[in-house]
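K.L.:
Using the sequences and the accompanying hints, generate a full structural model.
Here the protein sequences line up with chains A and B, keeping their order. To get the numbering used here, take the position in the first sequence, counting from 1, and add 54. To get the numbering used here, take the position in the second sequence, counting from 1, and add 12.
Honestly, the hints are just simulated from the structure, not real lab data. Among the hints, erroneous ones may be present.
Restricting the straight-line Cα-Cα distance to at most 27 Å, the calculated cross-link-like pairs of lysine-lysine (DSS-like) are [unchecked claim]: (1) B:K23 x A:K57; (2) A:K111 x B:K74; (3) A:K71 x A:K111; (4) B:K56 x A:K117.
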Amino acid sequence: SQKIEQNSEALNIQEGKTATLTCNYTNYSPAYLQWYRQDPGRGPVFLLLIRENEKEKRKERLKVTFDTTLKQSLFHITASQPADSATYLCAIDSGGYQKVTFGTGTKLQVIP
Amino acid sequence: EAGVAQSPRYKIIEKRQSVAFWCNPISGHATLYWYQQILGQGPKLLIQFQNNGVVDDSQLPKDRFSAERLKGVDSTLKIQPAKLEDSAVYLCASSPLGRTANTEAFFGQGTRLTVV
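P.N.:
Printed below as a string of structure tokens:
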């Protein structure tokens, strides 16, 4: 069966360190993989999209990697700040008219 | 640019009652999505519209849920009758293009439904 797995346990890191979040998938052929941020009581906000033929994508302090062999995407936040504390969702887009499917998200807490 | 607007923000109903949610997507966005997000889980797609037409409703419980998108703009999602397990946040999202590259979705704040 199809699965998107994100670490269900909260990730606590010290301010200034690099946070690394993992998204593993099974039985998908993603054309794109997206990362969203969700704050309590709000809808997800799009952060980054990476295509199947891209290894890495960067945007300011954010970096996403995509390994289709390992079936894994890693999401990095460098020089983390307390304002980065939120839940981060990965989403798989298999392209065409197939639906975008979200993982369960990982809660990140950056400690001052 | 105005974002995706949803109303109401919160709703509490008794089981077996009916409820409706409204969504106004970003102007010009062709694709509209309704997602259900149960506490502690990721959003689950209920229905996806491309302009007026339904592209995917495979996870919509059609015996009790219905949705329509009028004139390819606003949309309503209805539940009738509601069950306790329908308690969730209902998120509306839109994206500018159809199923092509750069398919990021813009989400509204959601409607938190509690069924008692």
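K.L.:
It remains to establish, for every hint, whether it holds in the given structure.
P.N.:
For each hint, the structure was consulted:
1. B:K23 x A:K57: violated (31 Å)
2. A:K111 x B:K74: Violated - the C-alpha atoms of K74 (chain B) and K111 (chain A) are around 39 Å apart, more than 27 Å.
3. A:K71 x A:K111: holds (19 Å)
4. B:K56 x A:K117: holds (25 Å)
Consistency note: the structure conflicts with the earlier hints numbered 1 and 2.
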